[in-house]
Amino acid sequence: MTKAIVTVMLKDGVLDPQGKAIGHALGTLGFAGVGDVRVGKRIELELAETDPAAARAQAEEMGRKLLANLVIESFKVEIV
Amino acid sequence: MKAAIVVFPGINRERDMAIALELSTGHKPKMVWHKETSLDGIDLVVIPGGFSFGDYLRCGAMAAQSPIMPAIRAHAERGGHVLGVCNGFQILTEAGMLPGALLRNAGLRFLSMDCHLRVERADTAFTGDYQRGQVFRAPLAHGDGNYFASTETLDRLEGEGLVAFRYATPDGAILPEGNPNGSARSIAGILSPNLRVLGLMPHPEDLVDPLMGGTDGKPLFDGLAAALAA
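Going line by line, the protein sequences match chains A and B.
Numbering-wise, the first sequence is residues 58 to 137 according to my numbering.
Numbering-wise, the second sequence is residues 1421 to 1650 according to my numbering.
The following block holds chain A by itself, in its conformation from the complex:
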């Protein structure tokens, strides 16, 4: 079994109002010097595939077909 971690983030240039709100709240709490804040998703997958390259290819296809919406998001796959 292989574990794949898919990280999905909004693309640069896509407004992230959640990130903005979190940045604002951090400022309210007194954390100074916080620049841009971006919020994403981490999806952990257990895959039966044991070959790391094949598992990566599978997770990348899942990313393209469902886990990320490539109009607004990008993703990366880590095999652990």
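It should be emphasised that the hints constitute simulated quantities derived from the structure, not laboratory data.
Values in this document were obtained by computation on a predicted structure and should not be read as measured data.
Backbone N, C-alpha and C define an ideal beta-carbon position, used for all residues, glycine too.
Hints are supplied without guarantee of correctness; some may be wrong.
Unchecked claim - Estimated spans, in silico, between C-beta atoms of each pair:
1. V91/A to M1451/B: 22 to 32 Å
2. E103/A to R1576/B: 22 to 32 Å
3. L1531/B to G97/A: 17 to 27 Å
4. T64/A to D1629/B: 40 to 50 Å
5. S1532/B to V71/A: 39 to 49 Å
Unchecked claim - Some chain A residues near chain B, calculated using beta-carbon distances under 8 Å:
6. A78
7. H81
8. L123
Add chain B to chain A, keeping to what the hints say.
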């Protein structure tokens, strides 16, 4: 005209849509569960609003992978009409049947309010009972209605006249104060290149009877009934 309303788990506006369709067409639409795979004999497929699959992952992402989706896509490919409202619009974008995506509202809040829509073209089956430039009131209720697309896509939509409705002020001006959710270029609804697939965020089906507080949305359904009467 035979209309079908596709029902996904978590959808909650299918009955409003059925009332609006029956008022204009005189026939009860068929309710089609998302696990069905056929839309034979149907002229108009409607994907109503709600929160399909609890908005898990992204609004509409799960519904876009449902068993009924290939039949909806095939219906559109043979030139059939498809109307997606609110979550239905989100589902159509997630399925790649309309371009762009609906992001979280720019103000982060879930909005439940009336907005005003300006009709950008009146020569479609959906807008034939409106006048170009006409402004009408429509309720909206969504957390993710902020239309986004790449600059090239937005230019193409505008260049090809595929913007159906824009958020406007009551007197028809396209201004930030008339745009409740931050949508790019105030876009509230878009059409497919053949003008037969329409997705929009607001709910014209919820203003089709004086008892609902107005009939501003009724021309959309009357127009559809007339255009698809044959």
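Going through the hints against the structure:
1. For V91/A paired with M1451/B, a C-beta distance near 50 Å fails the hint of 22 to 32 Å.
2. Restraint check, E103/A to R1576/B: a C-beta distance of roughly 41 Å breaks the suggested window 22 to 32 Å.
3. Checking the proposed 17 to 27 Å range against L1531/B and G97/A shows it holds: the Cβ atoms sit about 24 Å from each other.
4. Taken as a hint, the range 40 to 50 Å holds for the pair T64/A and D1629/B, whose Cβ atoms sit roughly 48 Å apart.
5. For S1532/B and V71/A, the Cβ-Cβ distance of about 25 Å falls outside the hinted range of 39 to 49 Å, so the restraint is violated.
6. Annotation: interface hint on A78/A holds; nearest CB of chain B at approximately 6 Å, less than 8 Å.
7. Interface restraint check for H81/A: the shortest CB-CB distance to chain B comes to about 10 Å, outside 8 Å, so the restraint is violated.
8. Among the interface hints, the one on L123/A holds; its C-beta lies about 7 Å from the nearest C-beta in chain B, closer than the 8 Å criterion.
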